[in-house]
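Student: Residue numbers (this note's numbering), protein chains in the order written: chain A, 310 to 801; chain B, 310 to 801.
Everything labelled a hint here was simulated from the structure, so no lab data went into it.
Ideal placement from N, C-alpha and C gives every residue a C-beta, glycine not left out.
Careful: at least some of the hints might be erroneous.
[What the hints assert, rightly or not] Restraint-style ranges between C-beta atoms, simulated for each label pair: (1) B/Ile725 x A/Ser698: 29 to 35 Å; (2) B/Phe488 x A/Gln796: 23 to 29 Å; (3) B/Leu712 x A/Leu712: 41 to 47 Å; (4) B/Met708 x A/Pro669: 43 to 49 Å; (5) A/Ser790 x B/Ser418: 34 to 40 Å.
2 protein chains.
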Amino acid sequence: MAGSRLWFSLLLAAAFAGLATTLWPWPQYIQTSDCHYTIFPHNFQFKYDVRSAAQSGCSVLDEAFQRYRDLLFGSEPWHRPAPTGEQHTLETHSLVVHVVTPGCDQLPSLESLENYTLTINNEQCFLQSETVWGALRGLETFSQLVWRSPEGTDVMAYNKFNVFHWHLVDDPSFPYESFTFPELAREGSYNPATHIYTTQDVKEVIEYARLRGIRVLAEFDTPGHTLSWGRGVPGLLTPCYSGSQPSGTFGPVNPILNSTYEFMNTFFLEVSSVFPDFYLHLGGDEVNFACWKSNPDVQAFMKKKGFGNDFKQLESFYIQTLLDIVSDYGKGYVVWQEVFDNKVKVRPNTIIQVWREEAPVSYLKELALITQAGFRALLSAPWYLNRISYGPDWEDFYMVDPLSFEGSPQQKALVIGGEACMWGEYVDSTNLVPRLWPRAGAVAERLWSSKAVTDPDFAFKRLAHFRCELLRRGVQAQPVSVGYCEQEFEQT
Amino acid sequence: MAGSRLWFSLLLAAAFAGLATTLWPWPQYIQTSDCHYTIFPHNFQFKYDVRSAAQSGCSVLDEAFQRYRDLLFGSEPWHRPAPTGEQHTLETHSLVVHVVTPGCDQLPSLESLENYTLTINNEQCFLQSETVWGALRGLETFSQLVWRSPEGTDVMAYNKFNVFHWHLVDDPSFPYESFTFPELAREGSYNPATHIYTTQDVKEVIEYARLRGIRVLAEFDTPGHTLSWGRGVPGLLTPCYSGSQPSGTFGPVNPILNSTYEFMNTFFLEVSSVFPDFYLHLGGDEVNFACWKSNPDVQAFMKKKGFGNDFKQLESFYIQTLLDIVSDYGKGYVVWQEVFDNKVKVRPNTIIQVWREEAPVSYLKELALITQAGFRALLSAPWYLNRISYGPDWEDFYMVDPLSFEGSPQQKALVIGGEACMWGEYVDSTNLVPRLWPRAGAVAERLWSSKAVTDPDFAFKRLAHFRCELLRRGVQAQPVSVGYCEQEFEQT
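Produce the complete structure using the sequences and hints provided.
Tutor: This is the structure:
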């Protein structure tokens, strides 16, 4: 998942007691008083401002109002921290939402503005935003200020993450059910009856995300990491050789056959329509050249093309052909850093994802090189949440400064965001949630809050509090340290 | 939890297909054929042999028969692996259980024999054991051979762990509800309304464990790790000094006051009756001398006793007095290794628990020293399951050889077992189960199976299979590696 640094502010002439501990991630700008207000479930409402571009019937906000109403005034009795300072009853009994730009039925995009201004004082309780997506972020902030209640599973939105990068297929399994090539999942998934994503599943994921202001970025990684593709599409992968004989094993996608590109053409036509986001992730990481090297047909092709012994040129040949295909479908693309490292010629609007911590250079140096070349960069290297270690390892994620490389302001502006990754080698439904939360929250604040918000003690207090709030919302978030929550997680 | 190396055997003239992958931990002795047998839910029975010392009405086995019946033939349709080799229907339609020694209502103890012999062939399906506890272990083995179905939470028994070491209280919280000193939990727990163990809870834990052949070893750790005791018992802890003034903070239990020993006398009288196991764990680890050193009254006491500047002698004084108290109540005791390292004089039957990996010496050297001095040792140092690291870290737990220290056979016989620990600094109900299972299983097999069972590939296959079986039984056990299970864990 990815977040990007976007400006938003919180004009808050009033706040409930204990405010400083209740917000995660921390707003870019916040101004508080010691006043606090009481709101009552029976007469509190979320309302559209009469001049708002979004009005009743706007799916994104209508559903969000319902979700936050349930969260705030859900089935359980409603408590709040013991008040300090002056106490007021909110005169207006409602949060009025004003959206400037029309648009409720689209998907969020890379360009979506998510800034908002939330104002709570004696005169008004008002949320202003450019777009419905900004209004969603502001509603989450409002819910964290009010503080209460249980619910479900949209934890990314609680942390204001705004992109779900879905690495759908890899060597061991091809669970994506393609309607053009049903044999891919039938032969390539762990179990086509139980372990696949159907067309309907994909649709539901995209709509579920959209209603929470989250984009879905689908990745179909080639030419490496494709072992599972080969079972459904004979001839797609390169046969590896042992001496002069095929060894019976297979390597990356075979880049020398027309049939490969015909397949990719058809497959990505489908993918381009199924996943509506402008961007597709095309992979390109960790291509092992050994199998290509062993294959005499590949060797002959290299000779014919004049690539000499440089298999990076063969990789470039493959990737460039693929990128042209996808561009023709009107899509932009994200690729892993190897594509840049191996000097594949890509379009200027390509986004390069930096995932390697140290090799061939440190990720900061890599960001400098990519942005110097004028490309946009997306950073995930320091945020591999699957790589758990004992103790408060969230601090390591938190203390990263993604813009601390040497480069011009123009270069830094090309770093469009960061991503917290959870790879599946040792993670599945049994340990995903506690491993993800609240550790991913550390990344969320780094990407969402001001660069100046770096005090680990201030973060610790709020993160521990936020983790208890996640438990209260029904999320199996693991502990930050010794301590307890009023409402603990209960295995059901 | 702890397991001890006990001899048991499995005479199995018959087995279902795929047997080699289905058993965890591996039996000490096993003999198999390629025959397999079919059993049918509608007419299969667990039966007491007519000559068995245990008969219908034996709580431990009656309940175990019911549990395993549910596990084997539970609500879901009953599948088994596709058969290979000869197929037979089990003529007898029952597993006949013969227990040699009477006794169904006791608790398991350190001396309990848990060996058993399970024989399955054309003539009989027979489980023979010295005690009901051995019969429980054999029933689990039988259930792993038959293979099927969902259920609850007695995962220790699935792995044949036989002691639950319950570290009940520590610095942050005192959740044990004492009826002699109710103020301990009232003042010392996180929250006396929600975060305590009531008398009834403790009783239920002990009976639940007993029915699964598991002892409950309670630990009340003193004189260190006692910060939470001080809130309910003013005067119990040592006031620390800053220069000539009390600093307002507190250190370990105050060892110079008669009132301390009066309190311990009364408190451990209660504990001795609440926890029926012969052994109590009295702690004794990580005593920080700084506070004692700072306190002028303690200094005066040291002088009077002639301890000079040697605070280990003061620690010895405290511990010896405490051990005498507990011995008077007819209890044996387990202590952490510092008690031995600091040369506290203890009774010859004391069990020393080795928890430090390297300091002051390696745990193997420590085992050599302890057993050379004639004491029994319990090893947990290499098995801190809370200390998770990324990837297949179960292999590290698995490859430990606890008896590989230099010492005589008599010394090795004094190593009574091992313990897999899960400490709570970063673990609670949100991440306990996936962190515990199946990683603790690696320790179970090391402690239960033959020293010769060390092949990690053989173990990997069975552990991955066993983990899927745990999912099927409803246990949120995390993945061993890339792959899948027919029945995955579903968040409910």
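Student: Output the indices of the hints that this structure fails to meet, ascending.
Tutor: Result: hints 3, 4 break, sorted rising.
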